[in-house]
Structure formats: structure tokens, C-alpha cells
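**Student:** Sequence:
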Amino acid sequence: MPDGHMSLPALAAIEAVVRTYLDGLYEGDGAKIAQAFHPVSHLYSVTDGVVADLPREEWLSRIASRPKPSAQGFTREDRILAIDMAGEDAACVKLNCCIPPRYFTDYLLLLKTSEGWKIVSKSFHVDMK
1246 MPDGHMSLPA
1256 LAAIEAVVRT
1266 YLDGLYEGDG
1276 AKIAQAFHPV
1286 SHLYSVTDGV
1296 VADLPREEWL
1306 SRIASRPKPS
1316 AQGFTREDRI
1326 LAIDMAGEDA
1336 ACVKLNCCIP
1346 PRYFTDYLLL
1356 LKTSEGWKIV
1366 SKSFHVDMK
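The opening residue of the sequence shown carries number 1246 in my numbering; numbering runs sequentially from there.
In short, the hints are calculated from the structure, not lab data.
Check before you lean on any hint, since a few could be wrong.
Unchecked claim - Cross-link-like lysine to aspartate or glutamate pairs, in silico, EDC-like; alpha carbons within 20 Å at most:
id, residue 1, residue 2
1, Lys-1363, Asp-1268
2, Lys-1313, Glu-1360
3, Lys-1374, Glu-1322
4, Lys-1357, Glu-1333
5, Lys-1277, Glu-1303
6, Lys-1374, Asp-1323
7, Lys-1374, Asp-1334
8, Lys-1357, Glu-1272
9, Lys-1363, Asp-1293
10, Lys-1357, Glu-1322
11, Lys-1339, Asp-1323
What the hints assert, rightly or not - Ranges between beta-carbon positions, derived for each pair:
id, residue 1, residue 2, range
12, Ser-1315, Ser-1290, 38 to 48 Å
13, Pro-1254, Asp-1293, 36 to 46 Å
14, Glu-1333, Ser-1310, 36 to 46 Å
15, Asp-1334, Ser-1310, 31 to 41 Å
16, Arg-1321, Ala-1276, 33 to 43 Å
17, Leu-1354, Arg-1307, 16 to 26 Å
Because the structure is a prediction, the values reported are computed rather than measured.
Backbone N, C-alpha and C fix where the C-beta goes; we use that ideal spot for every residue, glycine too.
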């Protein structure tokens, strides 16, 4: 927005999408994750200087085949650290989440589509603890 203030309805809608993603991640629920991520979305990470590009459908397949964090008795640890909006149709969200022993910092790029806010890109860093 020109005056630098973020729209409260837009912030609430963005936070709802991110919460759906975090719920799906913890519950191992691919349907919730698919609801939050646009069909053309990709996940990006880097290992030993090489960028990995993972399409959404491949990531959802991996989620379906791994143990659910909630079923493993892991304490849910996630939090939104920042939401930065550009106008009324683009946003970047920084958050922390974990699937022990992996602790993630995610950067999510969201766009406001005709179906509402959707995550179109995720880049992440992982720490092993």
C-alpha cells in the first residue's frame, strides 16, 4: 500500500494460509498443504552450494510417505517471525518450524490469486539438532 501500512484483512488472510500450511506439516496432511500451496509452487533449498528445486506434487508425495510429526509425539514448535507485504497482492513470510531433528527457517512467497492468497514459492534453511 502506498502509505506503508498493511491491510488487516490481508494480513489475517495471509496468516490463515500460513497456519493451514503449518497445521498440514505437523499433521502430515497433504490436503492441507495442497490447500495452502498453489499448484505451480516450488520448494527451493541448497546443499553444498547446489540448488534443489522440488515441485509441489513431488513434495506432497514425500510428505505422504513419511511418518507424521504429530503421530511421533513431537511437540509442535512453529512461529511466524515476519510478514512483509508489497501492495495488496504479494507478500513474504518468514517462519520457524521443526520436524526433529530438523529445524527449519522458511521464506514463503505468497500471491493473491483469484482463489485467494496462495504460497507460490518456499525457500528454506535447515539446522540439525
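**Student:** Enumerate the violated hints, using their earlier numbering and listing them in ascending order.
**Tutor:** 2, 7, 8, 9, 10, 12 and 16
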